[in-house]
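Which chain is which? The protein sequence lines are A and B, in order. The numbering used here puts the first residue of the first sequence at -19, with every later residue one more than the last. The numbering used here puts the first residue of the second sequence at -19, with every later residue one more than the last.
Careful: at least some of the hints might be erroneous.
A pair counts as met if it fits within one copy or between any two copies, since identical chains are not told apart.
[Unchecked claim] With a straight-line Cα cutoff of 27 angstroms, these simulated DSS-like cross-link-like pairs (lysine-lysine) come out:
id, residue 1, residue 2
1, K261, K329
2, K261, K339
3, K361, K339
4, K182, K34
5, K93, K261
6, K392, K339
Think of the hints as simulated: they come from the structure by calculation, not from any bench. Because the structure is a prediction, the values reported are computed rather than measured.
There are 2 protein chains.
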Amino acid sequence: MTENNTKKSANSSGYDYSEIKWPSASRDNMHPADAADHLENLTLEEQVDVIRTKSVEDAAESIAEMETADRVRLLTQLPPDLAADIFAEMSPDDAADVFEELSEPVRGVILAKIDREDAAEITDLLQFDPDSAGGVMNTEILALDENMSAAQTINLIRDRVEESEIPYYVYVVDRYRHLKGVLSLRDLMRSPARTVLRELLKEQNLIYVSFDEDKEDVARLIGRYNFLALPVVDHEQRILGMVTVDDVIDIIQDEASEDMQSMVGAGADETVDSPWTYSLKVRLPWLILNVLNSAISAYVVHFFEGTIAQMAVLAVLMPIVANQAGNTGQQSLAVMIRQLAVERFDRRKVWMAVGREAKIGLVNGLIIGIFVYIGVVLWTKNIALAGVMACALGADMVIGAVAGASIPLVLKELGRDPAQASSIFLTTLTDSLGFFTFLGLSALYLIN
Amino acid sequence: MTENNTKKSANSSGYDYSEIKWPSASRDNMHPADAADHLENLTLEEQVDVIRTKSVEDAAESIAEMETADRVRLLTQLPPDLAADIFAEMSPDDAADVFEELSEPVRGVILAKIDREDAAEITDLLQFDPDSAGGVMNTEILALDENMSAAQTINLIRDRVEESEIPYYVYVVDRYRHLKGVLSLRDLMRSPARTVLRELLKEQNLIYVSFDEDKEDVARLIGRYNFLALPVVDHEQRILGMVTVDDVIDIIQDEASEDMQSMVGAGADETVDSPWTYSLKVRLPWLILNVLNSAISAYVVHFFEGTIAQMAVLAVLMPIVANQAGNTGQQSLAVMIRQLAVERFDRRKVWMAVGREAKIGLVNGLIIGIFVYIGVVLWTKNIALAGVMACALGADMVIGAVAGASIPLVLKELGRDPAQASSIFLTTLTDSLGFFTFLGLSALYLIN
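Kindly produce the complete structure, drawing on both the sequences and the hints.
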């Protein structure tokens, strides 16, 4: 966790290392993130060779930083004894994350080779929902008895500092491991040597989360209060582990990718590094849904085929209505999905925000309606057509704004991912209602 | 930065505090983030009253956490003397951020009341681009001479621990303040007391950034290496400050909101808390651009008005082509924008990824094309129409995939925000080319 161990190296992260200066550079103290990039650029055989020459510790750290697909291939290829040693060396939370990705038979073979205690730690962690605090927590913490003195604590930290990942906090517990308080290294350094930890906790407003708390809520909490870590407890308030701020960065980045991608029916977890066949497979069902949804709006148009045959200009203007309402709706959708990502769900507040979007959609609809009215009059000299167009456009823009703001909330209330395919549902609504309003008004007022 | 100072309180963050336990709760040790929420829910007069009753320190911390619009109103309303005291009490980076939001006359009045040294610190920080490392850095750091011993350092930290925001790192400098290395509290606690700091830096690969580095690249770097902070230097490698991990969380969240919202022409910085007239104003120009863009695709349709008059079913199927290609393109767009957000720009890698998207678009286009061919044959019994539709759909889906993947890259290469209005540009392309292909092929092969 210090600025050690990095080097200027071939890497796929895209970071232009030439802008950073590193006085020395040797392969052995490459940062694990760089070593992982280096490995990913090799063939599988070369990867195995490199791992064999590394210390087990370095191998474990590099593999923990590799992309899922790459490390699954690599670990499956390694001799089970070596793979088991590597798992035993990883921090238990990393080990559990990686282990979960392996196929059932590979897991069995490796688990049999890991010593019983380490194996139990990994399988215990696998019990937690990966999207919960328990699923992302780090179990290597310093949990110290409330009767220790500040000086004893500092000495103990000195001895054990290598073991725990970021020992900037120590967790103070009673003899049943019930969490009593949290002390930072700063707090300890400022305290008189003989003070007992329990004394230092007075007036502390302890904040912790339960293991089953949603990991995104944990991330929001850490971000809100600028914590470096947050303790995780069981239902009896016994300390289980901590979620650290570096995990929070990953959680937030993953959530942003999930939202943006699943909104349009791309895979929540795909990246440009995913196998292209994976992306193909995850996107196809949503594209099929999109065709079926488009068929609904096509059906609306079909209903007015006779009207269009009499007045083909309607087919010219019709996409403008749908497109404009779709864009308006996507603006509301984007703001609402980000609201759900950045702050914890507040039912009253977000439903109030739908009213705000409706108001924006209405005024923008009026302005764009007038704008389009003038345009259509100038182009077609047909005042009635321009009126119908402007009304349909304005109405559909309000529909778009309300639908765009509501869809993620409805999905959320149904217990679904608020972003999933939301853009597809939105377009279906704005297209079919836009076509219906425009062609319906045209049939009523423009065709003799 | 410890788990102190929080309370169960009225708040607008949407965090459901009932799920967290806080043993005691008094207004005086409310966390600044909660105090800010509390203030925002009051009228301006009440806000002024509350600020007057708080200590200057508490007032400064709360105001630093408030929303922009709210704190500008509040600070403008406060007596200039009190406002000046509050600014002097804030950490200089927070003070500069808040100060920048004020109107020119209010700035002048307040600046005249702040003592010269504090005022200089604030105005110095205002020189940095707010989107650069210098613009987000924290200047309250511990920069210590390389000739100090570990024991001296620890004693000094004990004395000065209140002053600096997160003193988990000390920066080691020579007598000209050139950055020589970084030591964590852990490193110091593990070192023999008499060792000179310079000795502890051996074999350290120091990583730092220049003040003019893009803040999003700094965030990616801290995320990649799991640092708690990264030192910021000037062009002579003299230490200026540090960017801390809690700022990184804000940078990442802001970037994700900017991307998702500006993609569809909503304001990069708007939230459901922004005044609705602000949202109206920022979205309107993009909606107008969208109308103009739709006019391009409408013009394409207009060109084929005669064809549609002869065969109105074309108007029914036409939106399916455009919609499907648009959705395909948005999937590529989403993946590419997230790639640019998560990793530093790597020209070769991202342009290669366009090929990957083209491949996915092509295969999905073939599959959906076949699917639609069968559907149209079953519905219309018109094999030629089904063939034209399938070809146009498949071709437009490839166009959508390539365009969706390329648009953010082209914008980036032009030095623009890669997300800005990208979805609007994409739809213009997929709509007009989809209509052109479909109606053009129809005119060629379906009309006698």
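Outcome of the hint check:
{"no.": "1", "hint": "K261 to K329", "verdict": "between (37 angstroms within a copy, 22 angstroms between copies)"}
{"no.": "2", "hint": "K261 to K339", "verdict": "between (40 angstroms within a copy, 13 angstroms between copies)"}
{"no.": "3", "hint": "K361 to K339", "verdict": "neither (31 angstroms within a copy, 46 angstroms between copies)"}
{"no.": "4", "hint": "K182 to K34", "verdict": "between (48 angstroms within a copy, 23 angstroms between copies)"}
{"no.": "5", "hint": "K93 to K261", "verdict": "neither (35 angstroms within a copy, 64 angstroms between copies)"}
{"no.": "6", "hint": "K392 to K339", "verdict": "within (23 angstroms within a copy, 34 angstroms between copies)"}
Of the hints listed earlier, those the structure fails to meet are numbers 3 and 5, in rising order.
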